[in-house]
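Student: Below, each chain spelled out in residue letters.
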Amino acid sequence: MLKNYIKIAWKVLLRRKFFTFISLFGISFTLMVLMVVTALFDHTFGPQMPEQKTDELLFVNIMREQRDGGFMSSGPPSYYFLNRYVHTLETPENVSINSVFVTVNSYVNNKKLALDIKFTDAQFWQILDFNFLEGKPFGKQEVAYASRVAVINENTRRQYFGTGEAIGQEIEVDQVNYKVVGVVEDVPVLRLHSYADIWVPITLRSQEFKNTGLRGTYFATIKARQAADIPGIKNEYAHMMQEVERQNPEKGTALHSFPDSILESFARTLLGKGREGKLGLLYVILTGITLLFMLLPTINLININISRIMERSSEIGVRKAFGASSNTIIGQFVVENVFLTLIGGLFGFALSALVLEMINDSRLIAYADLSLNLRVFAWGLLLCLIFGLISGVYPAFKMSRLHAVEALKGGSK
Amino acid sequence: MWNRKKSNFLLITEIFFSFLVLFGVMSLVIYNYLNYTKPLGYDYENVWHISLRPNSDSTAQNRLVQEQLLQRIRGFQQVEAASYSNSNVPFAFSQMGMSLSYGNAKDVQTNAFDAQDDLKDVLRLQVREGRWFGPQDDASTHKPVVINGMLKQKLFGEEDALGKLIPVDDSTHYKVVGVMDYYRAYSEYDADAPAYFSRINLQENNNHLWGSLLLRVKPGTGVAFEEKMMKELSGIAKDWTMEVATLETMRQSKVRLTLVPMIALGLVCGFLIFNVALGLFGVLWYNINKRTSEIGLRRAMGATAGQIYKQFLGEILVVTTFGLLLGCFFAGQFPLLGVFELSPEVYVTAILIAVALIYILVISCALYPSRQAAAIHPATALHEE
Amino acid sequence: MITLKNIEKVYQTKSIETVALQNVNLTVPQGEFLSIMGPSGCGKSTLLNIMGLLDVPSSGTVEIGGKLITSYKDKELAHLRNEKIGFVFQSYHLIQDLSVLDNVELPLLYRPHVSAADRRKRAQVALEKVGLSSRTGHYPSQLSGGQRQRVAIARALIGMPEIILADEPTGNLDSVMGEEIMQILLDLNRQEFTTIVMVTHDEQMAQKTERLVRFFDGQQVSDAKLYDFQKA
Numbered sequence: 000m001l002k003n004y005i006k007i008a009w010k011v012l013l014r015r016k017f018f019t020f021i022s023l024f025g026i027s028f029t030l031m032v033l034m035v036v037t038a039l040f041d042h043t044f045g046p047q048m049p050e051q052k053t054d055e056l057l058f059v060n061i062m063r064e065q066r067d068g069g070f071m072s073s074g075p076p077s078y079y080f081l082n083r084y085v086h087t088l089e090t091p092e093n094v095s096i097n098s099v100f101v102t103v104n105s106y107v108n109n110k111k112l113a114l115d116i117k118f119t120d121a122q123f124w125q126i127l128d129f130n131f132l133e134g135k136p137f138g139k140q141e142v143a144y145a146s147r148v149a150v151i152n153e154n155t156r157r158q159y160f161g162t163g164e165a166i167g168q169e170i171e172v173d174q175v176n177y178k179v180v181g182v183v184e185d186v187p188v189l190r191l192h193s194y195a196d197i198w199v200p201i202t203l204r205s206q207e208f209k210n211t212g213l214r215g216t217y218f219a220t221i222k223a224r225q226a227a228d229i230p231g232i233k234n235e236y237a238h239m240m241q242e243v244e245r246q247n248p249e250k251g252t253a254l255h256s257f258p259d260s261i262l263e264s265f266a267r268t269l270l271g272k273g274r275e276g277k278l279g280l281l282y283v284i285l286t287g288i289t290l291l292f293m294l295l296p297t298i299n300l301i302n303i304n305i306s307r308i309m310e311r312s313s314e315i316g317v318r319k320a321f322g323a324s325s326n327t328i329i330g331q332f333v334v335e336n337v338f339l340t341l342i343g344g345l346f347g348f349a350l351s352a353l354v355l356e357m358i359n360d361s362r363l364i365a366y367a368d369l370s371l372n373l374r375v376f377a378w379g380l381l382l383c384l385i386f387g388l389i390s391g392v393y394p395a396f397k398m399s400r401l402h403a404v405e406a407l408k409g410g411s412k
Numbered sequence: 000m001w002n003r004k005k006s007n008f009l010l011i012t013e014i015f016f017s018f019l020v021l022f023g024v025m026s027l028v029i030y031n032y033l034n035y036t037k038p039l040g041y042d043y044e045n046v047w048h049i050s051l052r053p054n055s056d057s058t059a060q061n062r063l064v065q066e067q068l069l070q071r072i073r074g075f076q077q078v079e080a081a082s083y084s085n086s087n088v089p090f091a092f093s094q095m096g097m098s099l100s101y102g103n104a105k106d107v108q109t110n111a112f113d114a115q116d117d118l119k120d121v122l123r124l125q126v127r128e129g130r131w132f133g134p135q136d137d138a139s140t141h142k143p144v145v146i147n148g149m150l151k152q153k154l155f156g157e158e159d160a161l162g163k164l165i166p167v168d169d170s171t172h173y174k175v176v177g178v179m180d181y182y183r184a185y186s187e188y189d190a191d192a193p194a195y196f197s198r199i200n201l202q203e204n205n206n207h208l209w210g211s212l213l214l215r216v217k218p219g220t221g222v223a224f225e226e227k228m229m230k231e232l233s234g235i236a237k238d239w240t241m242e243v244a245t246l247e248t249m250r251q252s253k254v255r256l257t258l259v260p261m262i263a264l265g266l267v268c269g270f271l272i273f274n275v276a277l278g279l280f281g282v283l284w285y286n287i288n289k290r291t292s293e294i295g296l297r298r299a300m301g302a303t304a305g306q307i308y309k310q311f312l313g314e315i316l317v318v319t320t321f322g323l324l325l326g327c328f329f330a331g332q333f334p335l336l337g338v339f340e341l342s343p344e345v346y347v348t349a350i351l352i353a354v355a356l357i358y359i360l361v362i363s364c365a366l367y368p369s370r371q372a373a374a375i376h377p378a379t380a381l382h383e384e
Numbered sequence: 000m001i002t003l004k005n006i007e008k009v010y011q012t013k014s015i016e017t018v019a020l021q022n023v024n025l026t027v028p029q030g031e032f033l034s035i036m037g038p039s040g041c042g043k044s045t046l047l048n049i050m051g052l053l054d055v056p057s058s059g060t061v062e063i064g065g066k067l068i069t070s071y072k073d074k075e076l077a078h079l080r081n082e083k084i085g086f087v088f089q090s091y092h093l094i095q096d097l098s099v100l101d102n103v104e105l106p107l108l109y110r111p112h113v114s115a116a117d118r119r120k121r122a123q124v125a126l127e128k129v130g131l132s133s134r135t136g137h138y139p140s141q142l143s144g145g146q147r148q149r150v151a152i153a154r155a156l157i158g159m160p161e162i163i164l165a166d167e168p169t170g171n172l173d174s175v176m177g178e179e180i181m182q183i184l185l186d187l188n189r190q191e192f193t194t195i196v197m198v199t200h201d202e203q204m205a206q207k208t209e210r211l212v213r214f215f216d217g218q219q220v221s222d223a224k225l226y227d228f229q230k231a
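Quick mapping for you: the protein sequence lines, in order, are chains A, B and C.
Numbering-wise, the first sequence is residues 0 to 412 according to numbering that gives the first Met the number 0.
Numbering-wise, the second sequence is residues 0 to 384 according to numbering that gives the first Met the number 0.
Numbering-wise, the third sequence is residues 0 to 231 according to numbering that gives the first Met the number 0.
Don't read these hints as lab results, they were simulated from the structure.
A portion of the hints provided could be inaccurate.
Just some of the chain C residues that point at chain A, by a computed CB distance under 7 Å [claimed, not checked]:
1. 53
2. 70
3. 74
4. 109
5. 111
Positions of the beta carbon are idealized from the N, C-alpha and C atoms, including for glycine.
Chain A with its partners taken away, still in its complex shape (with noise of 0.2 Å):
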C-alpha cells in the first residue's frame, strides 16, 4: 500500500516538475531555516563541548538585591559569597568559582591580540569537559601557590606560537608573563560560563577575595552527582539564600541567586526579571515564534497542494468507485505529501549544512562551531513531519469530501 503511494507520488511530481520545484523550494527553505535556527538554540543552549552533561550541570550567574523603595541592583555573586555559601553546599558533588571573563591587551610581533582572560580554580578542569590538544589543565596545587601557569585556547597558541612549541614557552598577556601547560580546542563564545582565550588561577585576583560585599564578578559552576539530585540541590541553595538574607546586615533587601541550567537562567533573565524561573514560557513564546514563522509557507503549501490534488479529482473518483473509502483517501495524500516533505527536508538538511558552514567561516560568532548533529537531525525530522501533516491534512480533507460522482466528472466545485 505505502509503497504503491509513494510510487504514484514520485510520478505525480515528475510530471508536474513546476508545482514540484515550488513545493520543494518551499519546504526546503522553511527547514532550512528552521534548522539553522536549532542549530544556534542548541549551540547555545544544548550539551556542547566543554559543557557536555548538561542535565547534571548548574550555574550560578547573578545575585539580585532589592531594597525597600523598590531600587535594584544585580550582577555576578562575589567570590566571598560563592566561596562561603555555594562552595559549602551539600548535594553536589563538585563546585567550581571562576571569574567572569574580561578582555585584555597583549602585543605580539608589533601587533595586538585583544585576549579574553579567565581566572578558575582547579575543580573547573575536573567538572567541564575541555578537549585538551596538548598538556594538561592546572592542578590544586598551582591554585593554592598562586602559580603564574595558563592554559591557552587553539587560536591564541596559534597567534603566539604559531606551528612551534607552546607547551612550557611563556606568554605575555596583560604585561603579565605566564608559562603555558595546555592548548584546548576553542570554546564558542556563546557558553559564557566557561568561553575564554586564556584560564589562569583564581587564586592570581585574591586581593578580590576581602570584597565580603555579596555582588562581585564570579560565577560558580555546580556539578551533581546524577540528573536525578538537581532538585535537590535546587532546594539547598534556595534554603542558604534563606539563610544568606536572613543573616545580610543590610535588612529589608530581597536576594534573589538561583543555580539554573543555561536554558533557565536565560529564561529568569529576559522573562522573569531575574527573580522567577519562566522556563515554560519561554517554550510557549518560542513555539509560538515557530508556528507563526510556518504560516505563511504553510497557507502556501496548502494553496498548491489544493491546485496539485484538484488536477487528480478523476483518480479520486475512481479510487472510491473501486473502494477506497474517504479515509483511505486522505490516508492516501497525508503519505504523499509527508513523502514531499521529507525529499523537502533532505534538500532542507543540505542547504541548512551549506549556511551553517557560511555562517562558521563568516566569524559572525566567535569560535563558533554550528554543525547539524544527531539531535538537531532529530527536531527538523520531527519539524518536517509536521509541516507535511498540517499542509497536507486539510487539502486531503477538502478532497475526501469531493463526491465520487462529481470527481469523475472533474470535481469543478
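Fit chains B and C to the known structure of chain A by using the hints.
Tutor: Relative to the frame of chain A, chains B and C by itself:
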C-alpha cells in the same frame, strides 16, 4: 468569481500575512535607515578608548594614579587631546540615564554623559548656541551642562535654552551653557534621543574614579605607539586592568549588532515573499488552465483577448485589495495606538511600501498566466470540454 | 441481484429543483446482462450511480445481493463497492501516473490481506482475459482508446465482482473497437455469470444484451426481454 470563495479566502489570507510580514520588516528597516541618515554629532575617527579598572582599595592612591595617567597621555606627542569620561563613551555597551523635568516637561528620559573640557577637541563636538565647558566654570554656583537639540526641544520647546536652570534635586541645579545639534552616542542606528553633558572637574569630584579615557591621536598612529603607550601606562598604574580599543572597531561591532539581525530578518522575509510569489503564480496558472472553457465561451461571445487579460488581472487585484485592506486595518493600529513609540511617519511609509510591493508582486505573478488566458483560442477551449 | 424500489432523485440547487429520477422500480436478477437506453439527461447515468452506491437516492430503497442499503456509512459503502461492484466508464478514467498493471491492480489495493505477488498475478490473469497481457508495463497515454477501455474492463473484473456497471463503455470508440469491447463483456457475462448493467446510446449494442430498459425524463418507459443467455 464570488462562488470561488474558499480558494479566494486562502489567497486573501496569504496576501494578508505577506503584507504583515513586509510591513513589520519595512518598519524596522525604515526606522533604522531614518536614524542612520541623521548626524552623529561627533567625529570618531582617530579616537581611542581606554577602559580602566583599578585593582587597589586605596582611593587616595587611585586618584593620584588617575591624574598621573592623564598627564602622561597628554605628554605623548602623538596625542592631540584626551579626556576622562564615564564608561558610556560612543559605541559603548553601557548606558547611563537621568530623568529631567523643567516646567511642564516632566520626566524626560535623558542620556547623561560626563566630559572634561578637552572632550570637545577629542570628539570635535560642534556647539550651536552658547559655549562648551571652560575654566570659567570652575567657580560657577550651578553645575554647567551642554544639551543636545532633542533635549532642548523636549524641555524648552521654542524658548531660548541658554542660562536656564534645570532642577536636579533640592539643592542642585544644572545651568545650560551650550546647545549642540546632535549627540547620538550609542549607535548610528539609534534614535535621536535627549542627551546632556555635565562637566568633570577632577579637583572637585574627589572620590570618583572615571572608568574611561578618550583620546584623539594624530592620523596614522598605529599599534606600535599603542604598545609603547600601554607599557608606560601600566608602569604608572600597576595592577590596573586597562584595555584599548579604537572607536572605529567599537562602531563596527555596534553596526554588526544592528545589521546582522536585520539582514537575517531581511533574508528570511525575502524568502517568505519569494515563496508566496511562486505559490501565487502556480495557483493562478492552475486556475486559468482550469477555466479554459469559460474563457473559450467568453471569447466565442465576442470578448477580445485584451478584455480577457484585463478580467483576469482585475480579479486577482480585487482579491489582493481585500487582503491588503484587512492588513492595513491591522497595521493602521500601530501608529494609532503608538505601539513601540515609533513615529507614525515610519509606520505610514512602511505601509505604503508594503502595499506597493505586494501589488507589484501580485501583478508580476498574474501577468504571465493572464497573458496565457488571453491567448486561448475559443475553438480549442470549447473543444476540450 | 439488484433491486430498486420507488427510487426518486431530486437535485436541489439554490433556486431550481431538478427531478432526475422518478418512481423507478427495477430488479436485475443475478447473471443478467441488462442495457439501459434513453436520450441525454433522462437520468440513466444517475440510476447507474445509485446502483453503484456512488450516489444516494432522495427516496426509495436499494438492495444489493439481498442486503438493504440504507444507513450505510462511507466506509461500509466503500467496502461493498470494492467487494461486489466493478465499474467501466465512457472516458476510461485510468490513472495517468500508473502503469497498466498498477491500474488494474487498484481495486485489490483496498482489499486487506492480498499480497503484492498475488495482486500482480491476478492483474496479469485479468489482462490476459482482455487480450492485453503484452502491455503491462505501458502507461495509459501510450495506448489506443480500445486498449484503454480493455484495461478499464480488466480493472473492473480483477476483484471478481458479482456486478459490473458500464456507463457507455463503447461511447468513445469506433465501431470495430466497440464491437471488441462488447464481445469481452458478453463473454464475461456468459462464462463467469457476472451481472452486467450497461448504459448505452447505441441501439445495436443494446440489442445484443438480454434485456433492454428505456428511460425518458427520469421514468422507465419500457422493459423488454430480448434473449436468455443462461438457457441458450
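Student: Next step is simple, just say for each hint if it's right about the structure.
Tutor: Verification of the supplied hints:
1. For residue 53 (chain C), the suggested interface contact is upheld, since its CB lies about 4 Å from the closest CB of chain A, less than 7 Å.
2. Because the beta carbon of residue 70 (chain C) sits about 16 Å from the nearest beta carbon in chain A, more than 7 Å, this interface hint is broken.
3. Restraint check, residue 74 (chain C) versus chain A: the minimum CB separation of about 4 Å is within 7 Å; hint holds.
4. Proximity of residue 109 (chain C) to chain A holds as hinted, the smallest CB-CB distance being about 4 Å (cut-off 7 Å).
5. Of the supplied interface hints, the one on residue 111 (chain C) is violated, with its beta-carbon coming no nearer than about 10 Å to a beta-carbon of chain A, more than 7 Å.
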